[in-house]
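Enquirer: Each chain, written out:
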Amino acid sequence: MNKNIKYGLSFNIISFVVFLLLVFSITVGIAGYMQFTQSLATEYNDSAFRTAETAATLINADRIDEYLENGGEDNEYKLSLSRLDTLCEKQNVSVIYTIIPDADYSHYTSIFNSVNANTGYDRWNIGYVRETTNDEYKKIYKEMYENGLERGTVIRDKNLNGGLPHITSLIPLKGSDGMVKAILCVQRPMEQLLIGRRGYLKHVSLIMIIIAILASLIAGFGIRKYFISPVKKISEEAERFAAENRIADKNVLKNLSKLNEMRALASSVEKMELDTVSYIENITSITADKERMGTELNIASQIQEGSIPTIFPPYPDRKEFDIYASMTPAKEVGGDFYDFFLIDDDHLGLVMADVSGKGVPAALFMMVTKILVSEIAKTGISTDEILSTVNNRICAHNKAGMFVTVWLGILEISTGILRASNAGHEYPAIKRANGKFELFKDKHGFVVGGMDDIKYNEYEIKLSKGDTIFLYTDGVTEATNANNELFGNDRLVSALNIKSEFSTAELLECVKSEIDKFVGKAPQFDDITMMAVRYFGGK
Amino acid sequence: MEILKNKTGSNLVIYLSGRLDTVSAPQLEEELKASIGDVTELILDISNLEYMSSAGLRILLSAQKTMNAKGKMIVKNVNDTIMEIFEVTGFIDILTIEN
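Sequence lines, in order, name chains V and E. At position 12 of the first sequence the residue is numbered 12 (our numbering), and the sequence of numbers has no breaks. At position 75 of the second sequence the residue is numbered 75 (our numbering), and the sequence of numbers has no breaks.
Everything labelled a hint here was simulated from the structure, so no lab data went into it. There may be inaccurate statements among the hints.
[Unchecked claim] Heads up, simulated DSS-like pairs for lysine-lysine below, C-alpha to C-alpha not over 25 Å straight-line:
hint, chain 1, residue 1, chain 2, residue 2
1, V, LYS233, V, LYS174
2, V, LYS378, V, LYS443
3, E, LYS70, V, LYS399
4, E, LYS72, V, LYS517
5, V, LYS441, V, LYS465
6, E, LYS7, V, LYS443
7, V, LYS202, V, LYS233
8, E, LYS7, V, LYS399
9, V, LYS158, V, LYS225
10, V, LYS443, E, LYS65
11, V, LYS232, V, LYS202
12, V, LYS455, E, LYS33
13, E, LYS65, V, LYS399
14, V, LYS250, V, LYS271
15, V, LYS158, E, LYS76
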């Protein structure tokens with residue numbers, strides 16, 4: 001990534017600088033070239049005009065018509081021509097010639113014509129008629145004859161038909177009456193002009209190339225020092241940070257550059273690092289907390305699960321009865337519980353309870369209740385007395401205002417007599433050996449933990465051989481489907497009576513599957529806890 | 001659950017409708033805590049209440065205890081579903097129910 005930035009920025013900026021310089025050079029070059037050409041031409045022309053003016057003094061303009069008439073057979077003409085020849089050689093001009101254009105300037109007649117030997121041109125004899133070379137000449141002729149133009153210049157450097165580039169300076173030859181009698185032209189080669197111009201171009205180009213190279217080097221150096229190097233450092237720091245996720249030991253971003261923009265970039269990166277680090281710390285601590293809470297909930301759940309008997313059959317050597325129970329918590333830990341314990345060899349304690357509320361508070365409350373019930377039950381007092389005692393014990397320390405519904409029964413194993421009390425709990429369902437399950441509407445007392453000094457009633461049921469009692473919490477009857485319908489007592493009784501032959505484990509499984517079918521995909525809100533006890537008769 | 005209040009002097013009538021369960025119980029608890037201060041007669045009209053869980057019972061119990069100390073609480077228009085819950089849980093014995 002670094003290399004690309006370096007290459008990209010340097011290359012682009014230097015290319016741009018070079019391009020700008022090139023445009024600048026060409027513009028300056030063209031302007032200079034034009035200016036140079038013009039001043040060189042002016043200088044060149046001036047000297048040609050001086051030659052022309054000198055030549056004009058050698059010619060007697062008043063007699064030109066006469067010269068033409070006698071075809072140059074005139075001593076004065078010959079003298080003038082010979083002097084013009086000399087001037088031509090001395091001044092090193094190509095041609096000095098005098099012409100008379102015709103009325104429409106389309107042709108002209110040669111009068112004097114001196115040709116420099118080094119040009120290889122042939123001399124035009126007097127009276128030689130020629131077509132005017134081009135409109136430029138024609139215009140100058142016309143201006144001189146009609147509008148008193150004193151000087152004219154024609155530069156021919158293109159459309160030469162194989163000839164060499166040349167510059168021609170023209171002046172009118174006036175007679176003593178002030179009238180224009182002829183036009184005197186001095187033609188010089190443009191070679192030197194071109195050589196000078198070429199030299200100028202060469203110099204300008206060379207200087208511009210040197211300037212371009214120097215400017216590129218300076219730009220490159222500047223860019224590297226002021227842009228690439230800080231950007232590279234920032235980029236390296238960002239990469240380091242991405243890899244290590246911690247603040248650098250040495251602050252490489254401080255005093256990185258004098259440029260405001262670079263400083264702003266560096267401080268943004270620095271701030272981002274600090275923010276990221278604090279964010280990571282924050283997230284780490286939140287995650288740690290969450291994990292810890294998750295672990296603790298998990299452990300709480302295990303403790304709760306471990307506190308209720310889950311090994312079935314619990315008393316493999318007791319053939320008088322069969323117990324099966326199950327609990328499916330809605331959250332990690334719930335407030336439901338079942339319990340059973342042998343008070344003595346002939347008395348089996350059975351508990352089904354449901355703590356108000358859910359989660360950890362309910363689980364804590366449940367643990368207290370469970371221990372109190374089983375411990376107090378083991379003192380051998382009646383079920384109503386047990387519940388009253390538990391109620392008073394809980395009320396004494398019930399700051400959270402929680403309560404628990406409890407069904408408590410004690411089965412006398414030898415006789416099948418079940419003595420029970422109900423503290424606000426669901427009705428048990430009882431099936432006689434050859435009958436069907438029915439809800440047993442027992443007398444209810446108030447919930448445990450709700451108020452001090454509550455009195456409970458104890459009732460008695462005689463279980464015969466093959467009778468079954470089913471206990472549950474409101475998680476069963478209040479299981480809710482997607483239409484907000486409750487499972488209810490009727491569905492429960494029907495579910496219990498689906499099979500006529502069953503083990504206690506099969507019975508619970510059957511009810512659970514009916515609940516699951518009813519609830520469908522709706523979430524489980526409450527713990528689902530069930531217990532079934534079948535009596536097989538005393539010894 | 002929806003809670004409507006009508007307070008006249010020290011008399012507060014609260015109309016509850018919908019489901020009073022674990023999710024909505026804290027809402028009612030907050031509402032009672034905020035408005036029960038100088039009330040001597042609290043009437044809970046629950047004719048439109050569809051369901052009450054043990055979390056709801058806990059709120060009722062705590063309101064009953066609070067009102068026992070300074071006046072009275074009456075639960076009005078109890079439908080069959082809720083009455084059955086009151087019967088099963090024994091709340092019928094500690095609440096003053098008027099239909």
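Enquirer: For a C-alpha distance cap of 25 Å, please report whether V:LYS232 and V:LYS202 respect it.
Expert: violated (41 Å)
Enquirer: Given the hint that V:LYS158 pairs with E:LYS76, test it: the Cα-Cα distance must not exceed 25 Å.
Expert: Status violated; Cα separation ~119 Å.
Enquirer: When you check the alpha-carbon spacing of E:LYS70 and V:LYS399, does it fall within 25 Å?
Expert: Holds - the C-alpha atoms of V:LYS399 and E:LYS70 are around 20 Å apart, at most 25 Å.
Enquirer: Need the status of pair V:LYS250, V:LYS271: alpha-carbon distance at most 25 Å?
Expert: holds (15 Å)
Enquirer: For the pair supplied as a hint, V:LYS441 and V:LYS465, is the alpha-carbon distance within the 25 Å limit?
Expert: At roughly 22 Å apart (the allowed maximum being 25 Å), V:LYS465 and V:LYS441 satisfy the hint.
Enquirer: Take a quick look at whether V:LYS233 and V:LYS174 sit within 25 Å of each other, Cα to Cα.
Expert: Between V:LYS233 and V:LYS174 the Cα gap is close to 84 Å, so the pair fails against 25 Å, i.e. violated.
Enquirer: Holds or violated: are the alpha carbons of E:LYS7 and V:LYS443 at most 25 Å from each other?
Expert: violated (38 Å)
Enquirer: Would you mind confirming whether the straight-line C-alpha gap from E:LYS72 to V:LYS517 stays at or under 25 Å?
Expert: violated (45 Å)
Enquirer: Hint check: V:LYS378 vs V:LYS443, CA-CA at most 25 Å. Holds or violated?
Expert: The given pair, whose Cα atoms are some 24 Å apart, holds under the 25 Å limit.
Enquirer: Would the hint linking E:LYS65 and V:LYS399 be met if the CA-CA limit is 25 Å?
Expert: Since the Cα atoms of E:LYS65 and V:LYS399 sit roughly 13 Å apart, the hinted pair holds (cutoff 25 Å).
Enquirer: For V:LYS443 and E:LYS65, compute the direct alpha-carbon distance and say whether it is at most 25 Å.
Expert: Between V:LYS443 and E:LYS65 the Cα gap is close to 24 Å, so the pair holds against 25 Å.
Enquirer: Could you grab the alpha-carbon distance between V:LYS158 and V:LYS225 and see if it respects the 25 Å cut-off?
Expert: violated (52 Å)
Of the numbered hints given earlier, the model fails hints 1, 4, 6, 7, 8, 9, 11, 12 and 15; all others are met.
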